[in-house]
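Asker: If you want the building blocks of each chain, they are given just below.
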Amino acid sequence: VGTLSGESREVNIAGSSTVFPVTSVVASEFREERDDVTISISRTGTGGGFSNFFCPGMTDINNASREIADVEVEQCGGNDITPIEFTVATDALTVVVNPEADWIDCVTVEELSQIWQADGAERWSEVRDEWPDEEIQRFGADTTSGTFDYFDEAILGEDGTHTTDYHATERDRTIVQGVQGNEFAIGYFGFAYYDENPDEIKALGIDDGNGCVKPSLETAKKGEYTPLSRSLYIYVAQESLERSAVRDFVEFYLEQTSTDLVNEVGYVPMTEDERDENLAELDDAIEEVTAE
Amino acid sequence: MSSDTEQSQPDLTDASEPAFGRVSRTKDVAFRWLTFAAALLGIVALAALLANVLVDALAVTDPEYGSWLDWQFLTSPPSFSDPFAAGFFPAIVGSIALMIVIAVITFPLGVGAAIYLEEYANDGYLTRFIQLNIANLAGVPSVVYGLLGLGLFVSLLNLGFGTLLVAGFTISLLILPIVIISAQEAIRSVPDSQRQASYGMGATKWQTIRNVVLPRSMPGILTGTILALGRAIGETAPLIMIGAPTAVFGTPNSLFSKITAMPMQIFTWADRPEMEFQYGVVAAGAVTLLVVLLTINSIAILIRNRYQQRT
Amino acid sequence: MSAPDLTGDGARTTRGAAFKALFALCAALSILTTIAIVATLLYDAVDFFAAVSPLEFFTGTEWTPANEVYGVWPLISGTLIITFGSAVIALPIGLLTAIYLSEYASERRRAFLKPALEVLAGVPTVVYGYFALVYVTPALDAIVPIGTFNALSASIMVGIMIIPMVSSISEDAMSAVPDSLRRASYGLGATKFTVSTSVVVPAALSGILSSYILALSRAIGETMIVAIAAGQTPRLIDLTDPAGMFLGSIQTMTAAMVQIGASDVIGQSTEYKSLFAVGLTLFVITFAMNLFSEWVASRYREVYR
Amino acid sequence: MTQDAMTSPEAEQTDEQRTGTGPTPGTDGLADRTAESEAETVVDRTIIEARDLDVYYGDDQALQGIDMEIPEKQVTALIGPSGCGKSTFLRSINRMNDLIDIARVEGDLYFRGKNVYDEDVDPVALRRKIGMVFQSPNPFPKSIRENVAYGLKVQGKDENVDEKVRTALERAALLDEVEDQLDESGLDLSGGQQQRLCIARAIAPDPEVILMDEPASALDPVATSKIEDLIEDLSEEYTVVIVTHNMQQAARISDKTAVFLTGGELVEFDDTNKIFENPENDRVEDYITGKFG
Amino acid sequence: MTQDAMTSPEAEQTDEQRTGTGPTPGTDGLADRTAESEAETVVDRTIIEARDLDVYYGDDQALQGIDMEIPEKQVTALIGPSGCGKSTFLRSINRMNDLIDIARVEGDLYFRGKNVYDEDVDPVALRRKIGMVFQSPNPFPKSIRENVAYGLKVQGKDENVDEKVRTALERAALLDEVEDQLDESGLDLSGGQQQRLCIARAIAPDPEVILMDEPASALDPVATSKIEDLIEDLSEEYTVVIVTHNMQQAARISDKTAVFLTGGELVEFDDTNKIFENPENDRVEDYITGKFG
Ligand SMILES: Nc1ncnc2c1ncn2[C@@H]1O[C@H](COP(=O)(O)OP(=O)(O)OP(=O)(O)O)[C@@H](O)[C@H]1O
Ligand SMILES: Nc1ncnc2c1ncn2[C@@H]1O[C@H](COP(=O)(O)OP(=O)(O)OP(=O)(O)O)[C@@H](O)[C@H]1O
Ligand SMILES: [Mg+2]
Ligand SMILES: [Mg+2]
Ligand SMILES: O=P([O-])([O-])[O-]
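Chains as they are written, first to last, in my numbering: chain A, 1 to 292; chain B, 1 to 311; chain C, 1 to 305; chain D, 1 to 293; chain E, 1 to 293.
Just chain A, with the same shape it has in the complex:
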């Protein structure tokens, strides 16, 4: 397939739904300059993207909301794919509830883990006595997503397992709608999805032992929003950099990571230094493949 003429002017991307908005904005901007390149983006979740598309060699770039896992590196290696990591933004993973739930504004990490633990709390009152005696309706990321993995690790840690009694979806809009529709619902996803709908859902502050911190671009940037702020990445297959379309796109992408574009999507942009570091790294990688 790769040898077909049309392919060389295409850039195929899969992976994280959290990073998807950033990549799609960049792709749209890129097309303004290069309308001969066709870019396709599949939103499959970080893990799905790595194991099903990127490592089998079917995509050039994988969006990721967590770092690549060891098994995935192995899988890629087996197919002679060399992933190169670039950080493109910082996200504040946001826990949200229904705006009418005026009895809740802030949760502790401990309480969160009770809520999302397998065999954890079933009703709100089990978590905190003054909360209503109502069943908890959970909406969260699907297991193939990086958001799931990150949340699982940051909140539940090594020992805990994420509950399966929740509405699992790759489609964050579904979580917004679900939480919006039920006073006793709770959900989590990337900050961008909250940022767009601040009136329909309410973001909870997280107390990681240092008092309540609300998620925002500022608190994430300053590193105050713990433990749920995280980096967002793209992984580029070094082999794909042989093609100019991919090269140009990645270069354009990295240049944009320090601009307002990322801000507008709802994430924290990179600093200019970080951006330049990334670009340098890209140049090295390109040199390596084109030199051969």
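Hints are computed from structural coordinates only; laboratory data are not their basis. All C-beta atoms, glycine included, are put in the ideal place defined by N, C-alpha and C. Just so you know, not all the hints are guaranteed correct.
Stated by the list, open to error - Simulated pairs of lysine to any residue, SDA-like, Cα-Cα distance not exceeding 25 Å:
no.	chain 1	residue 1	chain 2	residue 2
1	B	LYS205	C	CYS26
2	E	LYS164	C	ASP9
3	E	LYS142	B	ARG304
To be verified - Quick list of the computed label-pair ranges, beta carbon to beta carbon:
no.	chain 1	residue 1	chain 2	residue 2	range
4	D	PRO81	E	PRO141	45 to 53 Å
5	E	ASP162	B	TRP71	29 to 37 Å
6	A	ASP276	B	TRP71	54 to 62 Å
7	B	ALA85	A	ASP133	24 to 32 Å
8	E	GLN61	C	TRP295	33 to 41 Å
9	A	GLU153	C	TRP295	49 to 57 Å
10	C	VAL69	A	THR259	16 to 24 Å
11	D	PRO81	C	PRO92	46 to 54 Å
12	B	ILE301	D	THR262	39 to 47 Å
13	C	TRP295	B	LEU34	26 to 34 Å
14	C	LEU22	D	PRO81	49 to 57 Å
15	D	ASP180	E	ASP59	29 to 37 Å
16	C	ALA17	E	GLU170	51 to 59 Å
Starting from the known structure of chain A, fit chains B, C, D and E with the ligands onto it as the hints suggest.
Answerer: Okay, now just chains B, C, D and E with the ligands, sitting in the frame of chain A:
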């Protein structure tokens, strides 16, 4: 009867004699209204929904936005962050490309199969088996065809996920039974006297099919095929299963290009968080899709009507 | 008298045979398609059943792929709820519509109503799904508190979508009832209501039944409406809480397939393979129903043709 | 409706001279038969009377100014070549023509002195008094019992249904043959049995008149003769009006015969013997001797 | 095929005695006519010959052991009551029965001495020699010109098509009427014109025999008489075999008449005048005088 004897005197003098009685029509009238209401219910519900989506797409209630469905929408690439910049262009192009591929595949295959079943096959077990099988295939859920595409074209034949070719093959298989059945109906409607006339002139079977049967049934075949294509451009589930991408920027430039299509694009937009996507962009996409569909169906009906006038 | 030359022209015969073979091939493709469907589904389903025992799959009451628990009943439950809900809407309305079209409607009304009903069947299901989510659910919410994703609005939409299927096949069956039966009934002093309900409907019963089965099969296989509007929560039917069943989120077999398909397409995981096991189950159910409906329908065709 | 036809029927009765109702010279068997039973029934009392009846299908006129008086409790046969309007006339008696969209009736048709085309007449009620049997047997796809009970059910005559069903089958000379299979489908009977079933179905609700449109034309000779016997019996209790294209049949079973000719005219109406032995009209004579038709 | 029937036709011709082929006593007009032209044509040369021909539809036998010799360049009429197998026989001549799945032919049918049911006979080639005209006119929905040219086209007779089309229309006595509208649809013609168009279509590729199955039954009297005149003319150049249910027509136009009776038997076959004036068989007499059928 005997009790009637007095009454039954032919009383021809009194024209105002009571009639033979009346049978209550309450049930009759009520039932008539009930059935009429039922017949309208689905249509009215759909009309209400269509009115809603049209109002949203044209932003009738929020004129400050300006209509969502405008030239910019039809010609721009999609956006997943700025509803005001979002466009439908790659999806429209993808749908058209897909339709062409599907038409090229299903038309000859469907007509060929219909010709075989109507003109060649005798009424044996095999024919009836094929016929039954086609009827059944027409009822297989589209998501299962999606799995077929995924297992056969993507995994086994390795034609690439979400490509134009795979999508075309998959949906072609899905609508092929419909094309065959409607082509069969069209061919069956050619009067036998026409075939007899041709055979009587010493025409071979193929000459008869080519010169008599096909010209006469072509409008019907076209109508059926176009209606089936209408069904094809609305299909979403098979595209999801074969891994059609969430977003495409640009137009397909080969059969192996990844494509999106109108319903797929609607599906991926529908989960954008912003309300403007929900009630604006998606509505505009839905209206565009419905307009295209309506146009296609109108063309089919036009062909059918012209054909009906001629015979 | 010289015998005329009546022997065939070789090229002509060969050409004829070639065309026949070509067309036969096209017809054979339909059988190949069926074989391909069964083979593809089986190929991965067999792998799946090597990892998950069929017993567990077909009797299990919990569906959580994340934990490697694959009991298909919650999905079947979801499908049943939607099928039931849409049947409650479509079967009576479709039948009444068919009666109206076949017994009451004037030619002009028919000429308007039939194509209008065809439009109902032709609206893409993704649009119906969207309608259910953004218009029907909020409207229902104004009456009863209802979840954003719920079986009720999806059922309503699926029901509306399959009305034309019921009405058009049932109407065909009613039109096939010979007029002589209607005349016999009118001749005995029956009203139109009586003729419709005591003669036409019973005589067309197998056709009506066939339309019902086909429509239910369609509801079972419907994907986009439920994937968009009914949610992704696999739940076992709870007969003690019928309202909750409809007001809350569920997951059908088809929706589960879309969920897996949209996230984890090419993988070799058990979850990916479960897609094919569910697909196979769905295929077998709908195929059996379609066959059954054909069989029922062939019975009424026999009686009146 | 023409103004003429609006005048009351009696007035016309004396004003107008009508074909075939004048005194008949030849004495005939039928007259004898009715004479014998004179003590009980009024001879030749008119039950149905057509006055200047026209029927149109769209722009085509199928019946032209028909005047006819059908006597009670006798068998009246309508004969004539195909397409002359016999069925149309029959259907205009119980307003079955109402069911044909393009059919239009002008003129009057009296049933027991009441114009059935008056505004206040409910055709459904009318049909309950005037039963009908059709050309080819058309039993419902239901059991024999349900077939016969159908009219009773529809007409709300719900008491003693089982008894009435048996009586009707008995009168239709079918009971013996089907006694053991009342709950089996009416469609499983032979053609002749089916037609007798339809007759049983028509008489079960006890109508006053039975209209029959070529009831035996789809049957074999044996079944036909059974039906013919049955019709003769029925005329003891019912008025029977029968359309037939079989002249021998008309001659055999009817008391009165009406001859329609192409164009929808009633050319002659008289005692059956008179018609077959000594018709007044030459065209009728030609038709009866088989010169055309 | 029976062994008997495998013997060559000429051998049989002397062996076998056949109905109606014996010398006829009465002299008839037809014999006169053929005698007149004796100088140019050989009288009564057989072109089609059936030998013990049986045709079955599934298990039903439609023709029983037909033996018949049809003379060249004459009009042979097939008459008989409905369902007696006339059309079936006609179709078995040019193997149109092949198109009916359940039809099966046993016995022999010779065309110019060649058994058309031999393995090596291509029915398509056969039909190019034996044209056919059907009961109701069935022109193609194409222009008049294309209709007539159709046979030429499918038979690959591509030269001088326009001229041949005109000649055929001329012979079918239609040219004058349609000369100005050759490119208009054949469907726009009147019924009688359509049937003549079908005849023109059949003769355009110049077959040797023309089979006609009740070609005038759907036409009015004026059109019918035109077709009848045409058939008489055609017999100067073609062998015409015509099925008709109209005995007057058979008497008017044919030289030979074959009478089939119910059950698929050929009861009598002889010169037309003989059949109508003095049939040998009583059933034929009954049929011809209208006692049944
Ligand atoms: N439903 C109808 N619509 C239009 N024309 C009709 C209809 N029924 C009958 N006609 C026409 O009315 C005329 C009389 O028909 P009718 O059926 O009364 O004749 P008939 O004497 O019963 O003939 P037959 O012996 O063939 O039954 C015919 O010319 C017929 O074509
Ligand atoms: N295609 C067919 N399939 C089955 N039976 C047939 C078929 N065609 C004719 N028959 C039967 O064969 C017998 C002879 O039919 P055929 O058409 O040859 O009669 P016919 O003399 O031409 O009658 P008509 O004057 O009505 O045209 C009939 O009993 C008919 O029912
Ligand atoms: Mg009649
Ligand atoms: Mg015939
Ligand atoms: O889609 P994810 O960012 O959760 O992998």
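Asker: Go ahead and decide if the range 33 to 41 Å is satisfied by the Cβ distance of GLN61/E to TRP295/C.
Answerer: At roughly 35 Å between Cβ atoms, TRP295/C and GLN61/E fall inside 33 to 41 Å, so the hint holds.
Asker: Using the C-beta atoms of VAL69/C and THR259/A, is the stated range 16 to 24 Å upheld?
Answerer: 46 Å, violated
Asker: For the range 29 to 37 Å, tell me whether the beta carbons of ASP162/E and TRP71/B fit it or not.
Answerer: 55 Å, violated
Asker: Falls inside 26 to 34 Å, the C-beta gap from TRP295/C to LEU34/B?
Answerer: 31 Å, holds
Asker: Can you let me know if the beta-carbon spacing of GLU153/A and TRP295/C is within 49 to 57 Å?
Answerer: Between GLU153/A and TRP295/C, where Cβ atoms are some 56 Å apart, the hint holds.
Asker: With respect to the beta-carbon atoms only, verify the hint that ALA17/C and GLU170/E lie 51 to 59 Å apart.
Answerer: Between ALA17/C and GLU170/E, where Cβ atoms are some 39 Å apart, the hint is violated.
Asker: Verify the proposed pairing of LYS164/E with ASP9/C, using a straight-line Cα cut of 25 Å.
Answerer: The given pair, whose Cα atoms are some 24 Å apart, holds under the 25 Å limit.
Asker: Determine whether the Cβ-Cβ distance between ASP180/D and ASP59/E falls within the hinted range of 29 to 37 Å.
Answerer: Given range 29 to 37 Å: holds, Cβ gap about 33 Å.
Asker: Between LYS205/B and CYS26/C, does the CA-CA distance stay at or below 25 Å?
Answerer: 17 Å, holds
Asker: Given the hint of 49 to 57 Å, is the C-beta distance from LEU22/C to PRO81/D inside that range or not?
Answerer: Taking Cβ atoms as reference, LEU22/C and PRO81/D lie about 55 Å apart, which means the hint holds.
Asker: For ALA85/B and ASP133/A, compare the CB-CB distance with the range 24 to 32 Å and indicate the outcome.
Answerer: 47 Å, violated
Asker: Given a hint of 39 to 47 Å, does the C-beta separation of ILE301/B and THR262/D actually sit inside it?
Answerer: For THR262/D against ILE301/B, whose Cβ atoms are near 43 Å apart, the range 39 to 47 Å holds.
Comparing the model with each earlier hint shows violations of hints 4, 5, 6, 7, 10 and 16; every other hint is respected.
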